[in-house]
Amino acid sequence: MATLPIESQRTSQIRMTLNGEEVDVSFAPYKTLLEILREDLGHTGTKHGCELGECGACAVLLDGKPVLSCLVLALECDGRQILTVEGLRSDGSLHPLQDAFADLGAAQCGYCTPAILVTAKALLDQNPHPNRDQIREAISGNLCRCTGYLQIFEAVEAATLKIAEQKQTAT
Amino acid sequence: MPKHKDLLALPDRDSQVNSQDLRVIGIARRRVDARAKVTGQTRFADDIFLPRMAHCKLLRSPHPHARIRKIDVTRALAHPGVYLVLTGKDLPIQYGILPVSQDEQALCLDHVRHVGDPVAAVIAREELTAFEALDLINVDYEILTTISDPEEALTTPEPRIHDYGEEGNIHKRVALEFGDVKQSFAEADEIFEDTFFYQGSTHLPIEQHASVAIKDPEGKLTIWSSTQTPHYLHRALAKVLEMPAAHIRVIATPNGGGFGGKSDPFNHEIVVARAALLLDRPVKICLTREEVFYCHRGRHPILMKFKTGVKKDGTITGMHLQTLIDGGAYGSYGVASTFYAGALQTTTYHVPRYRYEGCRTFTNKPPCGPKRGHGTVQPRFGQEVQLDKIAEKLNLDPADLRLRISESSNSITANFFRLGTVNLNECIRRVVKSSGWKEKFRKLPKGRGVGLACSAYLTGAGLPIYWNKMPHSGVQLKFDRSGGVSIFCGATEIGQGSDDVLAGIVAEALGIDPFDIRLFTGDTDLGPVDLGSYSSRVTLMAGNAALQAAERGKVMIAEAVAEKLEVPKERLHFAEKRVFDSMAPEKGVAFQEAVCLAEARFGTIGTVGSYTPPKSPALYKGGGVGPSPTYSYTAAVVEVIVNSVTGWITVPKIWIAHDIGRALNPPLVRGQVEGSVYMGLGEALMEEQEFRRLPKKLSHALVHKFPSMLEYKSPTSLDMPEVFTELVEEPDPRGPFGAKEVGQGPLLPIMPAVANAVYDAVGVRIDEVPITPEKIMKALAEKKAGREPRYGPSHFPHVNWPEALRVQPPWEGGDGNAVNEAPRRARPRTEKEKVLTP
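These protein sequence lines are chains E and G, in that order. Going by this note's numbering, the first sequence opens with residue 1, and the numbers climb by one from there. Going by this note's numbering, the second sequence opens with residue 172, and the numbers climb by one from there.
None of these hints come from the bench; they were simulated from the model. We put the CB at the ideal spot given by N, CA and C, even for glycine. Each hint should be verified, as a subset may be incorrect.
Unchecked claim - Part of the chain E face toward chain G, derived, beta carbon under 10 Å: (1) Cys-50; (2) Gln-98; (3) Gly-105; (4) Tyr-111; (5) His-129.
Said to hold, decoys possible - From chain E, some residues computed to sit far from chain G (all C-beta separations above 12 Å): (6) Leu-73; (7) Asp-125; (8) Lys-167.
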């Protein structure tokens, strides 16, 4: 058993891109990505419900793909891109997914919400027009105890339309 | 005039039910706290990080039942980075949520009662250090016989799990009789006797319980905690820490889901509070998922026996319900749960005579308590499945039968509960229509079926948990020169939208935007007491208090504006951030200016409102559980597909109609309905808090079968069926703008509707929850063998019931007191009653 104070175990250091910003962080080598995000980098938007990879509440995007940050060693993240709920907003306004979740009752207690938002973003990045079954499949690893999921499906669908509209206006 | 009619008198509160001109209420809108939730900025308890913060871990008993001979913490205390180790002797004062069950200790002093009962706490600089030090504590246990279920508890009076309660390991027995039930059976054309079992399940909030305590700069205690009931935690802390309550501040952080699981004062909350005071530094604890399973307080497993007498047309002549309740290791809300399990049978269908006997036993498992639908879910399952059997035997359509026997608005039940608006029939008609019931019931191809069930639920418990005459909810409003309004209230946001309810009501009353309002809620220092987020009480109780405070503010503002505009104040209207003459809308002032006028006229503008439920006519002992200002009603139809080879059940669609009075913010209401459907479906099909004994050669200990989210199955997004939700809106004058509850009622019909649908699909009765493929296969095998096509309990064990308290129903001359009990307390009577009641 380790008996050294944890502070002196901060022997690992990585540089990664967190929500578009390069950050350096040093930490004890046993720490998970979830732990360094919340404890060492002050990004508490990412939640946890089990720390065993069962609930999906800690999902973040690692190089654009959803991962359970409680199962990823922080040491594996050197030089990689991390996106958390804090990085969804841009230019001071909410991401269409955030707007839709807020307007359509897709966030009740809000605890599973950050992970579902980034998971949905990964889906839409890859497949801009998912059908409901694809949405169901994409978030099937994220447990939500409040909503019964239906308003979440609807919010993702509404965001899909809005993103398509925005793209059309941009072009 | 029959005496009971007088008991129906409406409470003399004046609620606003006028639906014209509503600009906020009833209109779909973004909830006020939505932005925080979708940006990850909602600050849950574990998101709090403070300078010098230490971390706490609890050492928990590996044994289900044992005496503690000795605890040695020397090595743990010497471990580098450990600041403090606490044991039972540091926090010996007992506490518990109910005054009658003060049976918990923050750390067990000499007796552990379930696997997971905490015996010591380590507080260290790092969480990992605290965790390591747990291994360095030596506990010498003397193993005791384990009681695994209520039948064992009945036959094993020794060793006692607690040294209080009725006798042996029986915690509580109740017996109540409303009219001569024996005679009602003699008058019946048919008698139905059925036994059901409802397995326990747990809340499974995604947020694990967490708390942070500090000794504040003044030397007082502040604790942030994921609690649904900051006021009750406040009282428990004052008791156990022996501190003046005025020196304790409890802040309920937004809960990441509660569902009843964060309604008790918890040992970990008391431990971090004591540790913070001793160490004079912040102390945090966050439970692991496994520990959350040990905290539990979830659905009680209940064995039930229903005996119901009916006439040929389906009219109920009388009902006798017996329950045997598995309480787990502590009292928790259990005495209330025991009464609740018998309370609401009379609120949906007219039951003229009713007898209830309930028995809660202690067992060596995590304590059971309130989970969504508290105590009423299990008997509702039995009642609705039995009604399906009754309909079949009498050759009646189950929907038609229910329409015929349902309760009506403003009536009183055999057990003296005063009902508010009752739109159960409209709910039934809606789901019958939307689901195509008439074309489907008994007509779908084999393997496919539909089932219908109904329910009622409280809109707030009529009595507080500890006896007092004070309001159940209080609200203070501050009107600012900026035109902003601040709401101060103890109400607790657990995801249901309590903050939004308060903001919506105040915004509507004052004609402003909900986003012009700031909320300070769930904080015992800042806001007046609200009893907490339980029993579906917040919308009606805190909502009415907020409405009263807003109306009082309006009076002052109107007076000042009337002077300025020189129009009669009665003509002033508050809308669209203006106060104006309703006869000449162009004549008016901005709301901000109106507040300034009022402040100039009266001084600082602050108002208060409070709400106390109407007195209940149920005066007998036990009549305090079940009364509510009004009840919600729900009907649901579930369609299932059952594979007769594998027993696998698929639910393609659910139709549900809920009598809500008025939907204050429709998407939130729909979310509560669908969330209830989801949770009910989980209980119906898969969720169980199950235990098993380790092999004899190990310890034979009773352990949780699967304290993890992977093994405790709950529905995922792939399991959720399509749900068609309809809201029945007839405003109830008792609720703010007519609103009734929605957070719990819609869960109740789902489980029985699934069971009834399974019967329609494959012709077997599963009289037990959860309804699993294994049970269906067993019942199908019975059917094939020519035996009763059923899976479920076959007997109800003998219980020594006490003599029932006998209360004559209102229509048999009863006055709400038991005839064989001394009158308990005088109820303030109205003038009219004084004349009518001798």
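Each hint, compared with the structure:
{"no.": "1", "hint": "Cys-50", "verdict": "holds (4 Å)"}
{"no.": "2", "hint": "Gln-98", "verdict": "holds (4 Å)"}
{"no.": "3", "hint": "Gly-105", "verdict": "holds (4 Å)"}
{"no.": "4", "hint": "Tyr-111", "verdict": "holds (3 Å)"}
{"no.": "5", "hint": "His-129", "verdict": "violated (18 Å)"}
{"no.": "6", "hint": "Leu-73", "verdict": "holds (15 Å)"}
{"no.": "7", "hint": "Asp-125", "verdict": "holds (18 Å)"}
{"no.": "8", "hint": "Lys-167", "verdict": "holds (21 Å)"}
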